[in-house]
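One line per chain: the protein sequences are A and B, in this order. Mapping the first sequence onto this note's numbering, position 136 (from 1) lands on 136, and the numbers just tick up by one. Take the position in the second sequence, starting the count at 1, then add 274; the result is the number in this note's numbering.
None of these hints come from the bench; they were simulated from the model. Among these hints, one or two may not hold up.
[Unchecked claim] Sample of chain A residues with no beta-carbon within 10 Å of chain B, all distances over it, derived:
hint: 1; residue: 16
hint: 2; residue: 43
hint: 3; residue: 56
hint: 4; residue: 59
hint: 5; residue: 61
hint: 6; residue: 77
hint: 7; residue: 79
hint: 8; residue: 121
hint: 9; residue: 150
hint: 10; residue: 162
hint: 11; residue: 180
hint: 12; residue: 195
hint: 13; residue: 198
hint: 14; residue: 215
[As the list claims (entries may be wrong)] Now the stretches of chain B that chain A is said to cover, found in silico as 3 or more residues with beta-carbon under 8 Å:
hint: 15; region: 300-313
hint: 16; region: 371-379
hint: 17; region: 442-456
hint: 18; region: 560-568
Given the structure is predicted, the values throughout are model-derived calculations rather than measurements. Ideal Cβ positions, reconstructed from N, Cα and C, are used throughout, including at glycine.
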Amino acid sequence: MSRLAERFRQLKRDGRRALIPYITAGDPHPDLTVTLMHALVDAGADVVEVGVPFSDPIGDGPVIQLACERALAHGTGIRDVLAMVARFREKDAETPVVLMGYMNPVEIMGYQGFARAAADAGVDGVLIVDLPPEEMGELSGCLADSDLDPIFLVAPTTTEQRMRTICDHARGFVYYVSLKGVTGSGTLDMDSVGERVNRIHSMTGLPVGVGFGIDSAEKAAAMGRVADAVVVGSALVKQIEAHAHDHQAVVREVSGLLRSMRKALDAEAAPQTA
Amino acid sequence: MSNSNAVQDAVDYSRFPDAEGHFGPYGGRFVPETLMAPLAELTEAYLRYRNDPDFLAEFDRDCADFVGRPSPLYLAERWTKKVGGAEIWLKREDLNHTGAHKINNTIGQALLASRMGKTRLIAETGAGQHGVASATIAARLGLECVVYMGAEDIQRQAPNVYRMRLLGAKVVPVTSGTRTLKDALNEAMRDWVTNVDDTFYIIGTVAGPHPYPMMVRDFQSIIGREARQQILEKTGALPDALVACVGGGSNAIGLFHPFLNDAEVAMYGVEAGGFGIESGKHAAPLCAGKPGVLHGNRTYLMEDENGQIIGTHSVSAGLDYPGVGPEHSWLKDIRRACYVSVTDDEAMDAFHKLTRSEGIIPALETAHALAYAEKLAAELGPGKRIIVNLSGRGDKDINTVATREGIEL
Ligand SMILES: Cc1ncc(COP(=O)(O)O)c(C=O)c1O
């Protein structure tokens, strides 16, 4: 069983929701990324999502764009990111790691080269923002051969038919984008999110995560009521940005915010397990 | 994919792209999931209207009465004589309303937007020509218009920024990344992801996700259809070669496409060589790049060993783009068209030559095509004919030219 499947199985057994933080590798500095990943786990992360910096992140709002620019200023490339995951794995063999990024860095490594290197480093899932299932081509087989779970987004605009296609291709979990927009923007409409998540649940046995625009413990808790996992990105990256030159403060603030979300999420879950 | 010459003869170019927008291995639809449904909706609407007599009649009427088409095909006699080689004919897109070929495409897309019930147009622009063309058609149709433009390009193309504002468009400076055309495109995509319900994104070139490369090509093909008919009427024969500059590639594909099945017509796309290919400071992905994925399609790109898109350089803002339309990537691989580059200096030289010998001030983008046409004319020699796409006029560039020559206006 893949690390992701195993983790979600445990969570289900315990009646808990997954908390999935996102950080961009190399932000604010490549030396801090592995430390930060461990700190996220200590603060309650069930899965860690690591962003591969890209020069043209069209799915991201200003917060993650700037994170990419900070990481790229230090020259953090896809091979460096895989090396960071490998170092994380030296001390943490359990926590699933999902890479999130864009297609071009994967193209340049070659599908098979990328898949093998990612699996060797200890990556579990791969989410490529600008790669719909229709364009997967041979990458699909390469990921499968290396036991990597392809993770796909479902958006508020996704039709029923596409939702089915996506659910057929997805492994690990399905990621529902809770708003029309880029990362870190907008306000959430809780009712419509609940409805859409239920729709996805009716099509697949995979867990459903919700992300984009979750920036407080309250929102995390509310999302935890409808989804199996809550993804938090820009809110954490904002803390990194605010303290970019003080690495201790980055770890402290990011951990603090994540811990508050963990607490709120577990408080929601508690009555169900009681 | 095969790229042998033998395959070339068998290709039916009208059958590309396939239903998913692929030209061989290029093109396609690489976008965040939120845009997949709007792109499907756009494709469906476009396929419905591309053969709709009312839609086509309105497009033709606007091309005639609003743009001033057909644009003339003009024999540049004095310049031809000076070069002393093949005859050089100019397809005068500079005479279009707003001064470039860009208006052909914006009219097509804006008419489609109205039929789809969209009330807000957005566009990216580099040189400002596509932004001006979008603002123009938005004013004419009474639609809201927002144009994204790199902060650097806003500096270089100040007159066009003011024209857009006069036309009622909101010009949004883009300060991320390299602050040029590619970043403006990123920002326009983000706007579209956020405002998909009421917004139509008018892409200004044959790049972007399917259906844009096909749709923009179709609207711009009016250039080649007219030119083919005009040259046959004026000379009784097809030309030996076509030459056009390539930024994203819309004026080039517009000229080339109606001639693709004419095997005897050679085609040259001219990229911006900047300070020279060997300097690394250029905007010539077809000449010096590698295939990759950017802005929704697979195509040749300028990128580093980590797959990051690298900064480009060209004296002309409209060619300063690290990618290129996917159909050009395919035409390069199957060798139906040939892609070359000329430097900033060569383009400047050609700019002055055409201005002085024909009384036509060309856009700096166009000057790249002219510089190569001059070389090609000399090479082919007398008795041959070349059509150059004179994609735009150079009024917008006079500040750039003056500054390069140490003149303050
Ligand atoms: C006059 C002119 N020619 C050419 C171009 C390049 O675009 P494309 O390659 O799409 O024709 C531009 C772009 O701004 C332009 O303004």
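(message) Minimum C-beta separation from residue 180(A) to chain B exceeding 10 Å: can you confirm that?
(response) Check fails; 6 Å does not lie beyond 10 Å.
(request) Over 10 Å to the closest beta carbon of chain B is the bar; see if residue 77(A) clears it. (result) At about 3 Å from chain B, residue 77(A) fails to clear the 10 Å cut-off, so the statement is violated.
(request) Test the statement that residue 198(A) is away from the interface with chain B: the closest C-beta pair must be farther apart than 10 Å. (result) At roughly 18 Å from the nearest Cβ of chain B, residue 198(A) sits farther out than 10 Å, so the non-interface label holds.
(request) Test coverage of the region 442-456 of chain B by chain A using CB-CB distances below 8 Å; three residues minimum. (result) Held - the region 442-456 of chain B has 3 residues with a Cβ nearer than 8 Å to chain A, which meets the minimum of three.
(request) Test the statement that residue 79(A) is away from the interface with chain B: the closest C-beta pair must be farther apart than 10 Å. (result) Answer for residue 79(A): violated, closest chain B Cβ roughly 7 Å.
(message) Quick check for students: does the CB of residue 56(A) sit more than 10 Å from each CB in chain B?
(response) Residue 56(A) is in fact no farther than 10 Å from some Cβ atom of chain B, at 5 Å.
(request) Find the nearest Cβ of chain B to the Cβ of residue 162(A) and say whether that gap is larger than 10 Å. (result) violated, 6 Å
(request) Three residues minimum, CB to CB under 8 Å: does the region 560-568 of chain B make the cut for coverage by chain A? Let me know. (result) holds (count 5)
(request) Compute the least Cβ-Cβ separation between residue 121(A) and chain B, then decide whether it is above 10 Å. (result) Since the minimum Cβ distance to chain B is about 16 Å, residue 121(A) lies beyond 10 Å and the statement holds.
(request) Would you check whether the claim that residue 43(A) is not at the interface survives, using Cβ distances to chain B and the 10 Å cut-off? (result) holds, 28 Å
(request) Please settle this one: residue 61(A) was flagged as non-interface, so is its CB more than 10 Å from every CB on chain B? (result) violated, 7 Å
(request) Please count how many residues of the region 300-313 of chain B have a CB within 8 Å of a CB from chain A and say whether that reaches 3. (result) holds (count 11)
Of the numbered hints stated above, those contradicted by the structure are hints 3, 4, 5, 6, 7, 10, 11 and 16, listed in ascending order.
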